[in-house]
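Engineer: Take a look at the letters that make up each chain.
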Amino acid sequence: MIAYNTAVVLLGCALLGLAAGTVGTFSLLRGRALVADAVGHAALPGVAIAALIVATLGGDPRSLPPLLAGAATAGVLGVLAVQALARTGRIREDAAIAIVLSSFYALGVAILSWLQTQPGAAQAGLSKFILGQAAAMRAEDAVVAASVAGVCLLVCLVMFQRLRAVCFDPDFCRMQGLGVQKVDLLLLGLLVLVCVAGLQAVGLILVVALLVLPAATARLLTFRLPRMLAISAVIGAVCGAAGAWVSALRPEVPTGAAVVLALAAVFTVALLLAPERGLLAQVYTHLRRRLAADTEHFLRAAWEAQEIAGAGPGTAGDRWAPIGAVAAARGWRIGRARRLAFWLAQRGLVARADGNVHLTPRGAAAARRAVRAHRAVEHHLLAAGATDIASADRLADLVEHGLPPEMAARLLPEPSALPASPHQLGERRP
Amino acid sequence: MTIRDFLMLDLPPLLAALMAGATCGLLGSFLVLRRESLVGDALSHAVLPGIVLAFAITGARSGLPMLVGAMAAGLLAVVLISVVQRAARLDPGAAIGAIFTTFFAIGLVLMETTGARSVDLDLDCVLFGQLETLVWAQAEGLHSLVDPVALEGLPRQLGLLAGVGLVVAVVVAALWRPLKLICFDPGYAAALGMPSRALEFGLALLVAAAAVAAFESVGSILVVAMLVCPAAALRLMTDRYGAQVLGGAALGAALGGVGYALAGPVPAALGLDISLNAAGVIGTLGGVMVAVAALVRAGVRRARVVTA
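Residue numbers (UniProt numbering), protein chains in the order written: chain A, 1 to 430; chain B, 1 to 308.
Hints may contain errors.
Listed next, with one range per pair, are the computed distances between beta-carbon atoms [claimed, not checked]:
id : chain 1 : residue 1 : chain 2 : residue 2 : range
1  : B       : Ser82     : A       : Pro361    : 46 to 52 angstroms
2  : B       : Arg35     : A       : Arg362    : 40 to 46 angstroms
3  : A       : Val269    : B       : Arg240    : 46 to 52 angstroms
4  : B       : Ala169    : A       : Gly385    : 53 to 59 angstroms
5  : A       : Ala386    : B       : Trp176    : 41 to 47 angstroms
Derived coverage of chain B by chain A (criterion: at least 3 residues anywhere in the stretch with Cβ under 8 angstroms from a Cβ of chain A; other residues may be distant) [as the list claims (entries may be wrong)]:
id : segment
6  : 98–112
7  : 173–187
8  : 243–254
Partial list, computed: chain A residues near chain B (C-beta under 10 angstroms) [claimed, not checked]:
id : residue
9  : Leu28
10 : Ala69
11 : Arg92
12 : Leu131
13 : Ile205
14 : Val208
15 : Ala215
16 : Phe267
17 : Ala270
18 : Arg277
19 : Leu279
20 : Gly426
By construction, these hints were calculated from the structure, which means they are not laboratory data. Glycine residues also receive a C-beta, built at the ideal position from the N, C-alpha and C atoms.
Looking at chain B on its own, in the form it has when it is part of the complex (with noise of 0.2 angstroms):
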């Protein structure tokens, strides 16, 4: 494999699953220590009807109408959800389950009825992700990398996940205390004074953005792998809070390098004919990570009982 290959065919999707890890990894950790990680879930299906009418109004898959579209459906779930469980008295739980599998619904049919999927966006993309299909095709070797003609052909969804990764790590440095707080004491923070509702519907909107902006490389589904697996396993590893917030982002990089380098490259490499999808490695490698974290997290307990 030379240079030049690696640079067009798998530079892309690399850069792609790093920086999809690390902004779904840093958010993640809130999701976790708020116990709100369904919402993550939910999140992640709910923004398919926005990303779709944004797609039919627009007629091109570009990235600005496409996240305004995410942010305004995922924050509307978010709304009805918290509707739904006061007005309905249902738990959480189920109210999450009725807003984002009708919201997902929606989504479906507005594919098939706008003619979305015919042109640009197909449901291989939602289900299975698509990071295989970016590419760099003017890429010709380790000068293009400086050469600014050559960089304007990177595909857009790594500008789009580059921007969206660079708010979120802003966001969450600038709100760093605040955040800290809503995530322990929401009850403290609502005390001192604090947006609490505010600073919630920014988490949501900054989670449905990072669900957009990953939901290209990865699909639709796999993003809750990112954003729950590394927050997970780093909260039965650590109880320190810029540990598990830091470290999650990553936890996050490292899970998007290393599951795309074992679907397709490494193997290749080793001369193996295997091919995988990257997304499904990715999540997979996700929940081997959570399985390991709490095998150890037992094993480290039961040596500490016996040696007690």
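Just chain A, with the same shape it has in the complex (with noise of 0.2 angstroms):
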């Protein structure tokens, strides 16, 4: 059974990773992913003053608002000065964001070294809020996130158009007069709330990554806002959870890891698997393609020897084409040549025999089809003036194909006919 707290703080951080999740989503597409890491780095001298002043006040320097407060107007600051720097014209976004982060977190570590040298019990536990630790949040500390991290996603439901607007075409925004500003001021806002939620469960280092890798792995498996908006809110909400509780289990592992590490491995699956931008889809595709031009390759020097042997243009097809003559016409090893024989017999679009292929029907047809295109593409080259017959070969081989019969149609003199190549046929020229 698992403790009232423990149950609380899991809770806490899985809300709090789908609000990371459903803002990361809108500062991904809108280019700001990196702000959140600027954000995080400069609420530790936030965090370290706002203790210092309850600490002087006499309150409790561990009681969790006033140090979200603290962060939170640091954080703002932080944003504030990445703008003002970018506006010089000379110092680019990215490096403002650096220079930002590593001057505020510089800042905070030296206030934290001179709270270490004072009395009292000011800098206790700040440390935490580094590497974050969600095994030490207390119930009350999760519901101040959670509530933090609620607010924020009311905000992004409830702004969905002006935020989907002003991400996908700001400048149609600008044009209808929708305040752009006043919307990428909103998401800022709302990046350093998720940011300042999330330091205690996660800490202020690894924080942009609860921003980013959701919305980056969502970015992967879909093209439309509204299923990446909810599949990055779900990533976010249940690897949040999944750090946390590793790091209830075993203390020693700082939360922000776990989290990271359950959020990069959902990310590199993704990366691998996506349907269509996963790279195995990307190789497969790539592999298909070049297996579809190597066989349309293939048909059409089977044809072309045939032609070369006396078979008039447009009546080959019913004669044995040897591979050796294929594998020269197109400059291929003849293993390469024997092994795409194989694999085009297999589908039936050849037979073989001692070392020579036969078209079959079918495979007649493709070949047809695939020297109809390729000359087609060959005249209309020539046709537009180009002078080398070769390199307009060479270019014919990288378009034709997928180029329908009908386009083919379009560009030959007379549509009904195989018209003769109009360059020598036989071997390769280098």
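Starting from the two chains in their separate frames, assemble the complex, guided by the hints.
Structural biologist: Below is the structure:
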């Protein structure tokens, strides 16, 4: 049975992940992903100064709301500093982010080191904000973080249309008078709030991951915004809770690291296996296209080998062509041509015997289409003024694939006939 | 404070701060000019797993394996950033954010699970730097500076920093013009047939090496301040390549030296009871320097507008 405290903390982390996934999606699409990095690091001096003030006033320096208020103030100052530096025109936004995050963080480190030499317990437990420690969270802390996250989520839902418009077409928004700057400010405010809410659970160094990784994962999986928001929010929630759970079981593992590793694992899986944008899918598509191109090249070379052997243009298709001649015409190694011949035989496009291939009726039809497409492009290029036949041949090799027959017919002078090749057939010229 | 105290307690950290500042400042200009400041940020975080793994395998905090591990991790991070950026069609910032946080998290977890932390490499060093812990126990007086036996007792971080600094300086001097070209016109450099990719990876390797060398003295995160702040401040003040690059190194060294002095020795000499984390003061000073440069620039421009 999970203790009440743990259950509340887990729920809080899940809600935090939900909000971070949602806000992160918008900030990713608006190209602001790393502003969160600056905000997170910038929070350190805010937390330290807030603890100092609270301790001086005699309050409990561990109570969360003042610390978060300090963090939020410092975060806003950090964002303003980034914008001011970027406005100089000399320092671009990326350098501004690096400057702000490092110098604010450094200020925090200096203040912390000073606090440590002071009497009193102002600095106690502040370093847990750096790497996050969900195990040390009290239920009321989780409630504070979760309510901040909840507010962000609500604002995102209410302002959905505006945010979407600004993310996808800021120029259109400007023309419509939709107040791009206001919406941008709102987004930055949400970013600061989510970062601040995540400080105690994830820590200020890694809180940026909570905003970037779920959104980046969702971006791999879908092209539609509502779906992207949903996926990103769910991933954020699940990984947030999972990370907090791991670090509740093993307190020596910083929660931030656990959350980030969970997010990174999901991202890696998506990067490899995503249906369209995944690396495996891309490799598969690439290989399939290459095989399709090779198939057309093979069939055309087999057809043209017969034309060389004496079949008139348009009547080839009933003779045997040596695989060696096909390989020579394409400039392939013989092994590659043999493997292709085997593959085409499996697909029923050619018959093989003694190192020769014979086009089946289906293969002959496909070969005729390929030859027509190739010559159509060649004729078109020559008619358009290309003088170098060899390079027209090469260029046609690249663009003929996927050229539909109707298109080939429009490019050819006589739509019905299969024209002769404009150049000599045979071995591939170097 | 006697000379012996200075040599023993203040000289090693001061030297470390100066060398780290100069090395990072020299490289920082290329990052800023190439609009890759965040790559510096990413690299300084991403070398952590390499350092921890090298430490776990060799069992000692010796310079060379850590350097190799860190450079391998840095290179892997740069490659992964470009793969993720292209495959997932993210903008560069998002790809950097995705990769460096992952590397840093792996480093943290490795630190806990391999036991590297308990022995010698601790989290405070990563987060806050440990300039103050560099001491030269064998120093007895000025004559120790020429005494080979005593010199051997210098903290070995200084040797690593000096070595990396020297390599960086030699490489920058040797590749002065090609580096200039890939900063200002990468397209033209490629058209000339320069190995731009190799140069880019070489630059990333140097930054990773500087990050690991500076890591032990200023910590993982404040390396970024040393890389970017001097270069950015000069970017606001000069348009000349030579001044930018060499000035970056000088400003970086000055930042390190002045920052260290302000953190401990100067208040102590004034009789104040303040001792701050040196890395923190160095980083803060870096930010102040950029802010001052920006304000001066704005002031100069306004003055020009008024007189015109």
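Engineer: Can we keep the Ile205 of chain A interface hint, with Cβ of chain B closer than 10 angstroms?
Structural biologist: holds (7 angstroms)
Engineer: Verify the CB-CB distance for Ala169 of chain B and Gly385 of chain A against the hinted window 53 to 59 angstroms.
Structural biologist: Between Ala169 of chain B and Gly385 of chain A, where Cβ atoms are some 56 angstroms apart, the hint holds.
Engineer: Is the distance from the Cβ of Val269 of chain A to the Cβ of Arg240 of chain B consistent with 46 to 52 angstroms?
Structural biologist: The hint (46 to 52 angstroms, Cβ to Cβ) holds, given that Val269 of chain A and Arg240 of chain B are roughly 49 angstroms apart.
Engineer: Counting residues of the segment 243–254 of chain B that have a beta-carbon nearer than 8 angstroms to any beta-carbon of chain A, does the count reach 3?
Structural biologist: This one is violated; 0 residues, fewer than the three required, reach chain A with a Cβ under 8 angstroms.
Engineer: Let me know if the C-beta of Leu131 of chain A comes in closer than 10 angstroms to any C-beta of chain B, holds or violated.
Structural biologist: holds (7 angstroms)
Engineer: Is the shortest C-beta separation between Leu279 of chain A and chain B less than 10 angstroms?
Structural biologist: Constraint on Leu279 of chain A satisfied, holds at 5 angstroms.
Engineer: With chain B as the partner, please determine if Leu28 of chain A meets the hint condition of a C-beta pair closer than 10 angstroms.
Structural biologist: The hint holds - Leu28 of chain A has a Cβ within 10 angstroms of chain B, the shortest such distance being about 5 angstroms.
Engineer: Count residues of the segment 98–112 of chain B with a Cβ under 8 angstroms from any Cβ of chain A, then say if the count reaches three.
Structural biologist: Contact hint for the segment 98–112 of chain B vs chain A: holds, 9 residues under 8 angstroms.
Engineer: Restraint: Ala270 of chain A near chain B, CB-CB cut 10 angstroms. Satisfied or not?
Structural biologist: holds (8 angstroms)
Engineer: State, for the Cβ atoms of Arg35 of chain B and Arg362 of chain A, whether the hinted interval 40 to 46 angstroms holds or is violated.
Structural biologist: violated (55 angstroms)
Engineer: Less than 10 angstroms between beta-carbons is the criterion; does Ala69 of chain A satisfy it with respect to chain B?
Structural biologist: violated (22 angstroms)
Engineer: Per the CB criterion, is Phe267 of chain A less than 10 angstroms away from chain B?
Structural biologist: holds (6 angstroms)
Going down the numbered hints, you'll see the structure goes against 2, 7, 8, 10 and 20, while the others check out.
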